[in-house]
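> Produce the entire structure from the sequences given, and follow the hints as far as they go.
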Amino acid sequence: MSRFLPKSKRWNGSMGGNNKIVAFCCENSAYLAADRAGKMRLHYPDNVRIIRVPCAGRVDVLHILRAFEKGAAGVLVMGCQEGACQHLTGNIRARERVRYIESALKEIGIDTRRVKMVNLGPDMAQKFVREVKEMVEKIEEE
Amino acid sequence: MKVKIGIFLCDCGGSLKNIDFPEISRSVQEIEDIAFVDISHNLCLEEGRKAIASRILGKNVNRVVIAACSPASCEHNFIRLLEGLNFNPNLLSIANIREQCSWAHEGNVTGKALDLVGMAINKARLLQPVERKEIPVNKEVLVVGGGFCGMKSALELSQLGIRTTVVEREPILGGRLSELEGFYGFEISPKEMLSSMGEEVKKDANIEMLTSAEITRVEGDAGNFSVRIKRGVKEDSRDFGALIFATGCKAEILPRYFELSPGSKIISQRELVEILQAPAKLERRPEVIGFILDIADENSRLPSLLALNAALAVKNKLGSEVYVFCKNLKVDSEGVEKLYQEARNRGVVFVKFEEKPRISERNGRVKVEAEDILFGEEVSVYCDFLVAEEKGLPSEGTEALASILNTGVDSQGFCQDENVYLYPVGSGRKGVFFVGACRGNLDAARASLDVGSAVMNVYELLALGKAVVEVEKVKVDPQKCRACLTCIRVCPHRAIRLVKVDDEKWTAKIYDLACDGCGICAAICPAKAINFEGYADEQILAEVEAMEWQYGRE
Chain S
18 MSRFLPKSKR WNGSMGGNNK IVAFCCENSA YLAADRAGKM RLHYPDNVRI
68 IRVPCAGRVD VLHILRAFEK GAAGVLVMGC QEGACQHLTG NIRARERVRY
118 IESALKEIGI DTRRVKMVNL GPDMAQKFVR EVKEMVEKIE EE
Chain H
133 MKVKIGIFLC DCGGSLKNID FPEISRSVQE IEDIAFVDIS HNLCLEEGRK
183 AIASRILGKN VNRVVIAACS PASCEHNFIR LLEGLNFNPN LLSIANIREQ
233 CSWAHEGNVT GKALDLVGMA INKARLLQPV ERKEIPVNKE VLVVGGGFCG
283 MKSALELSQL GIRTTVVERE PILGGRLSEL EGFYGFEISP KEMLSSMGEE
333 VKKDANIEML TSAEITRVEG DAGNFSVRIK RGVKEDSRDF GALIFATGCK
383 AEILPRYFEL SPGSKIISQR ELVEILQAPA KLERRPEVIG FILDIADENS
433 RLPSLLALNA ALAVKNKLGS EVYVFCKNLK VDSEGVEKLY QEARNRGVVF
483 VKFEEKPRIS ERNGRVKVEA EDILFGEEVS VYCDFLVAEE KGLPSEGTEA
533 LASILNTGVD SQGFCQDENV YLYPVGSGRK GVFFVGACRG NLDAARASLD
583 VGSAVMNVYE LLALGKAVVE VEKVKVDPQK CRACLTCIRV CPHRAIRLVK
633 VDDEKWTAKI YDLACDGCGI CAAICPAKAI NFEGYADEQI LAEVEAMEWQ
683 YGRE
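Protein chains in written order, with the numbering used here: chain S, 18 to 159; chain H, 133 to 686.
Some hints could be false.
[To be verified] Only pairs whose alpha carbons sit at most 20 Å apart, straight line, appear in this in silico DMTMM-like list of lysine to aspartate or glutamate: (1) Lys-56/S to Glu-207/H; (2) Lys-335/H to Glu-272/H; (3) Lys-136/H to Asp-170/H; (4) Lys-447/H to Glu-311/H; (5) Lys-459/H to Glu-509/H; (6) Lys-484/H to Glu-501/H; (7) Lys-133/S to Glu-159/S; (8) Lys-605/H to Glu-44/S; (9) Lys-382/H to Glu-531/H; (10) Lys-150/S to Glu-238/H; (11) Lys-413/H to Asp-516/H; (12) Lys-56/S to Asp-143/H; (13) Lys-660/H to Glu-113/S; (14) Lys-191/H to Asp-165/H; (15) Lys-462/H to Asp-504/H; (16) Lys-56/S to Glu-238/H; (17) Lys-271/H to Asp-644/H; (18) Lys-607/H to Glu-531/H.
Because the hints were derived from the structure by calculation, they are not lab data.
Next up, the structure:
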């Protein structure tokens, strides 16, 4: 269990700007969209950290909250478009969880825009970049 | 066992100039448990792979981190390489420093690359090996439905040497093929096709026919289904590796859309075919025959296709005048545009309406009044027969079938609720396929494509007689499982079943071959009893925690 590892054993980040954003990306769509953005040299802010998941439905409330706990400025959950999920309902379940997190954030007085569910297809590199930029701008506004 | 991590950094032939590799190597070496850090120029080439092999074997590491291009493009190569070395490929963790780091940002991105490598290391530390095993699968296939698609599937499977059993509800084969008169795109008439296919099916030693039979229960998973087949009063259980459903559709006039109830003059397609097959029975030759479309359903291509076929058949056999009243003729199926041209050339008149035509019966004929929007004129035609539009609907028993299979139906009640764009003939369950009209594919050319696609899928699954699975990659911990059934309810692939542990305790069990590895169950389990090796909670959290820096409070 990583959280019980002694601190010296763990990698705790090196450098990089403030305001890191965690993006949970479905390996069937959003992860490929991010790859494509790289291939097309569409530049986006470098404070986003992409975590590959087999389906957006794998992302648990726990994962999103832990990201906030560890200092993430924003969390994006990126899955397939609705009706085109490889696993039928994964993206819908992810959306429900993101809504739940939004309500939880609201309760403790944090801007709900810090978490967002994004639906994109594997070729939507522009949309991926737009969403990341939007998130960064929103956070810098505050 | 103590974790020993080997790290390979690849600078993609020296092209990733905005990452300082020696700097990363220096920083990473300070972390504990790192056996070595190698910088290579091209891991994906032969020499790179040789280097990986010799380093892994030489240093005796038990986790590997590769920082290179996207796993989408390189992962399978490395997995194959590691398998060859007898190194469990599940112990590999990849950091994507090319597409999602070097290429995606301007300026020096060594910091981000270092973070990505750190995330991969944190994850690699927690990875556990997953055994890969071959399991036997049953090579027999069950085809339900003995219509055109069913017979075609059986014949094509038989050519590939797969034994097939065809179950048909009716006492004879053929389905709705006997109701058609001439079908465009096929050179022979449906009747001849039916008899020749029936003959072939009967002669084929690989095909077993069960007519007047129905399936009542399906158990098991892809590769090993157990199906109960009821035939008369007898009911027996048989084993199959895959199931193909070709249960077809039914076509009906929906009377609620017509002011006049269908009677002697407003007839269905089937009645028209009966007339065409025995024109001598009529008192006199009908002079005008009208077809009406797009009243009940604007979205179906079946009525358009049937009407065009029938209109041509009428022209050929009776030589009557033919009017087709339609809103928007659907010509998107293969060859239908040509069929439409041919119909026009033969003198079929198409009247395009916007408002619903008025239909009344006068002097034993049907009067149809419509406004032709292309000419802006009122058109009224007296027809001897008006052929009403038939709507393709799921055949009887589709719902019962869906509940037997534990799969869903779509909004119109057809068999397939699976994502039709990704898996054209598949279903949520592996090894269960739907072809032809039962999934709403209502024309012959598309249905034939379905058959080919399903046969390919079945062959891929069963041809070797065995399948490779990752044993317990997703696993339920019976100690934690409270048998709340949540995972069984949410599993999109129906891969989870409840099994008995002892007299009192039940637990959920995941079937490896049926599981597609989405991890939805692992996320939703309230008891956190499901462990998805490779994407376990701790492994994802380890990646998340690698980012802790700015507000780094413990």
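> All the hints need checking, so say for each whether the structure fits it.
For each hint, the structure was consulted:
no. : hint                   : in the structure
1   : Lys-56/S to Glu-207/H  : holds, 17 Å
2   : Lys-335/H to Glu-272/H : holds, 18 Å
3   : Lys-136/H to Asp-170/H : holds, 14 Å
4   : Lys-447/H to Glu-311/H : holds, 18 Å
5   : Lys-459/H to Glu-509/H : holds, 15 Å
6   : Lys-484/H to Glu-501/H : holds, 12 Å
7   : Lys-133/S to Glu-159/S : holds, 16 Å
8   : Lys-605/H to Glu-44/S  : holds, 17 Å
9   : Lys-382/H to Glu-531/H : holds, 14 Å
10  : Lys-150/S to Glu-238/H : holds, 14 Å
11  : Lys-413/H to Asp-516/H : holds, 15 Å
12  : Lys-56/S to Asp-143/H  : holds, 16 Å
13  : Lys-660/H to Glu-113/S : holds, 18 Å
14  : Lys-191/H to Asp-165/H : holds, 12 Å
15  : Lys-462/H to Asp-504/H : holds, 18 Å
16  : Lys-56/S to Glu-238/H  : holds, 13 Å
17  : Lys-271/H to Asp-644/H : holds, 18 Å
18  : Lys-607/H to Glu-531/H : violated, 32 Å
Against the hints set out earlier in the document, a violation occurs for number 18 only.
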